[in-house]
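> Can you make the complete structure from the sequences, with help from the hints?
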Amino acid sequence: MRLRALLETDALGLRLLGGRDELDRTVRGVMTTDLKDPSRYLSGGELVLTGLAWRRTPQDSEPFVRLLAGAGVAGLAAGEAELGEVPDDLVGACARHRLPLFAVNESVAFATITEYVVRQVSGERAGDLAAVVDRHRRLMTSGPAGGGPEVVLDLLGSDLDLRAWVLSPTGRLVAGAGEPPGGAGEALATEHLAATRAGRRAPHRVAVDGRTYSLFPVRAGARGAAGGGSGSQGGPGPDVRESVLSDWLLAVEADAGEWAAARLDLLQGVTQLIAVERDRRDAARTVRRRLAQEILELVQSAAPPAEIAARLRVAAPVLLPGEGTAPHWQLVVARVDWDGEAGGEGGAVDTGAVAQSLLEEILVDPAAAGMESGDRIAVAHTGGEAIALVPLVVPADATEESEGGNGDGDGSGDGTAPAGGAPAAKPADTEPTHTGLRADVLLAAVRQPLAAGLADDGRLTLGVSGAVHSAEGLRGALEEARHARRVAAARPGRVCAAGHHELASHVLLLPFVPDDVRRAFTARLLDPLREYDRRHRAELVPTLEAFLDCDGSWTRCAARLHLHVNTLRYRVGRIEQLTGRDLSRLEDKLDFFLALRMS
Numbered sequence: 004m005r006l007r008a009l010l011e012t013d014a015l016g017l018r019l020l021g022g023r024d025e026l027d028r029t030v031r032g033v034m035t036t037d038l039k040d041p042s043r044y045l046s047g048g049e050l051v052l053t054g055l056a057w058r059r060t061p062q063d064s065e066p067f068v069r070l071l072a073g074a075g076v077a078g079l080a081a082g083e084a085e086l087g088e089v090p091d092d093l094v095g096a097c098a099r100h101r102l103p104l105f106a107v108n109e110s111v112a113f114a115t116i117t118e119y120v121v122r123q124v125s126g127e128r129a130g131d132l133a134a135v136v137d138r139h140r141r142l143m144t145s146g147p148a149g150g151g152p153e154v155v156l157d158l159l160g161s162d163l164d165l166r167a168w169v170l171s172p173t174g175r176l177v178a179g180a181g182e183p184p185g186g187a188g189e190a191l192a193t194e195h196l197a198a199t200r201a202g203r204r205a206p207h208r209v210a211v212d213g214r215t216y217s218l219f220p221v222r223a224g225a226r227g228a229a230g231g232g233s234g235s236q237g238g239p240g241p242d243v244r245e246s247v248l249s250d251w252l253l254a255v256e257a258d259a260g261e262w263a264a265a266r267l268d269l270l271q272g273v274t275q276l277i278a279v280e281r282d283r284r285d286a287a288r289t290v291r292r293r294l295a296q297e298i299l300e301l302v303q304s305a306a307p308p309a310e311i312a313a314r315l316r317v318a319a320p321v322l323l324p325g326e327g328t329a330p331h332w333q334l335v336v337a338r339v340d341w342d343g344e345a346g347g348e349g350g351a352v353d354t355g356a357v358a359q360s361l362l363e364e365i366l367v368d369p370a371a372a373g374m375e376s377g378d379r380i381a382v383a384h385t386g387g388e389a390i391a392l393v394p395l396v397v398p399a400d401a402t403e404e405s406e407g408g409n410g411d412g413d414g415s416g417d418g419t420a421p422a423g424g425a426p427a428a429k430p431a432d433t434e435p436t437h438t439g440l441r442a443d444v445l446l447a448a449v450r451q452p453l454a455a456g457l458a459d460d461g462r463l464t465l466g467v468s469g470a471v472h473s474a475e476g477l478r479g480a481l482e483e484a485r486h487a488r489r490v491a492a493a494r495p496g497r498v499c500a501a502g503h504h505e506l507a508s509h510v511l512l513l514p515f516v517p518d519d520v521r522r523a524f525t526a527r528l529l530d531p532l533r534e535y536d537r538r539h540r541a542e543l544v545p546t547l548e549a550f551l552d553c554d555g556s557w558t559r560c561a562a563r564l565h566l567h568v569n570t571l572r573y574r575v576g577r578i579e580q581l582t583g584r585d586l587s588r589l590e591d592k593l594d595f596f597l598a599l600r601m602s
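Counting in the working numbering, the sequence shown tops out at residue 602, every number present.
Keep in mind the hints are simulated off the structure, nothing from the lab. Since this is a predicted model, take the numbers as computed values, not measurements. Hints may contain errors.
[What the hints assert, rightly or not] For each label pair, taking beta carbons as the anchor points, the in silico distance ranges come out as:
id, residue 1, residue 2, range
1, Ala447, Leu599, 23 to 31 Å
2, Ser46, Asp157, 14 to 22 Å
3, Arg203, Asp585, 21 to 29 Å
4, Pro61, Ala114, 51 to 59 Å
5, Gln580, Pro495, 26 to 34 Å
6, Ser587, Arg540, 52 to 60 Å
7, Ser602, Ala309, 29 to 37 Å
8, Asp519, Arg540, 26 to 34 Å
9, Arg23, Ala114, 22 to 30 Å
10, Ala201, Asp519, 32 to 40 Å
Positions of the beta carbon are idealized from the N, C-alpha and C atoms, including for glycine.
Take a look at the structure:
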């Protein structure tokens, strides 16, 4: 804005004392000061407001004005409340340095002038930035991105003082200058998914660690074009369950509730721009998805191993460019199940596609930022489930050892690591080295936001196979991953996973027990204890769990429960009396153990 516009605004109460020829200067900001030397805090273009507290003698005006002029300020506005009127020595100094000078009536607060200038300057910057965003969006739509969303996020920071980040649905950083403060990405994603599932209007305003954020959905593809209006100001569309676990979000450290409509429209333009880049990234995944689909079809059709091996040789350089060693492979199977159907035209949600997008995100290392961090992941979907083909890098010095494996999916070969970037678990010191992905850590960093997105009507179950080094082992690995997923599905919770290492224990059998048999078995053993606990608050069921966890050791169990051994013996005797079982017998211990697991 121009100085002339300030003078023409009656509500500001400004009176020009000098510098009429300089009124076309541009005002880029405002600063209030009573320091003798404020130059270190000036960057040029400011309207400086002062109450003249720095002036002790007439000789003080000359150096003060000289410093302001040297800093390139646009003008000086002096309040009349301190001295009754602006002194002549200040008027003369401003005239000598060609610095426009205004008098501010004592009835006008500096805050009023500051608010007006900030609002006007911010509005003009937003208009300029909107033009840049629109130009950038057209460029991205028609050709190379030219820097991608990072460019626009930088502009939001430099022109509007807005810190912003693009986050995945799990809270992983996709774009932005560094992580959100305090590693708030996971919490922001959780808040966003919960608000979306609750049908709240976007942008969602949330507070995390004392900071206020506004969260804007970034909807890709046709959903972004068709639903942009309702998505930006209204609640989620009818197919929200089909997109909630795959849409990105734009997190802005500000309270959008205080913004004018023009600024909200600008941020909506930014989300549309990011959606274009998201579509571009998804298109780049088409080749990898097609490779995974072809290999999956060969494996499921029992094609000759030589044919599968040939397709794997094609896939390896695509997924692992520059790697000279043929990789080992792991398979991950995921399924998303919803209660009922979505309300969209298509009827039931395409759960396979939902699981595919979600699995592509889960298999990216949460610490890996950027648009292309999932380049080494190939995921297909069929029959409502998604299946990921994960290459494992085999170091040259480990090749001979790993080739000694039998390819049966037991994951016992050493020296492999997941190439997709997903974190591998550190084994316990007493265990042999485990390879590649482990189910128990795969979901650790993403469980909280995904549970919020699944809400009360969705479940994610995931199974991980062991590592295999040949085409012959892929079919067994697929069955192993699928069975591990069924084991996970038998567990309580919205987000569950199981790995190949769990399939050698009793949990292998539990998914195959019919639900009605399970309910009858657990009711016969546990219902008498639960009813007794309900009436007497005796804690028999927790005591039973602790007793079995301690392998029937009276002293260890009593210590864990902070009980006297005699009290523990009384409780165990009551359990035996109510159920007709004997906890000194292995068969009865096993029955109780399975009943607790199945419940």
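> Decide, hint by hint, whether the structure agrees.
Hint check:
Hint check: Ala447 to Leu599, Cβ distance near 24 Å, so the stated range 23 to 31 Å holds. Distance hint check: the CB atoms of Ser46 and Asp157 are about 18 Å apart, consistent with the given range 14 to 22 Å. As the Cβ distance of Arg203 to Asp585 is approximately 56 Å, the hint placing it in 21 to 29 Å is violated. Checked against the hint of 51 to 59 Å, the pair Pro61 and Ala114 fails, with Cβ atoms roughly 29 Å apart.
Restraint check, Gln580 to Pro495: a C-beta distance of roughly 29 Å satisfies the suggested window 26 to 34 Å. One distance hint, 52 to 60 Å for the beta-carbon pair Ser587 and Arg540, is violated here, with the actual separation near 26 Å. The beta-carbon spacing between Ser602 and Ala309, approximately 48 Å, falls outside the hinted interval of 29 to 37 Å. Checked against the hint of 26 to 34 Å, the pair Asp519 and Arg540 passes, with Cβ atoms roughly 31 Å apart.
Against the hinted window of 22 to 30 Å, the Cβ-Cβ separation of Arg23 and Ala114 comes to about 27 Å, which satisfies the hint. At about 35 Å, the CB distance of Ala201 to Asp519 agrees with the hint of 32 to 40 Å.
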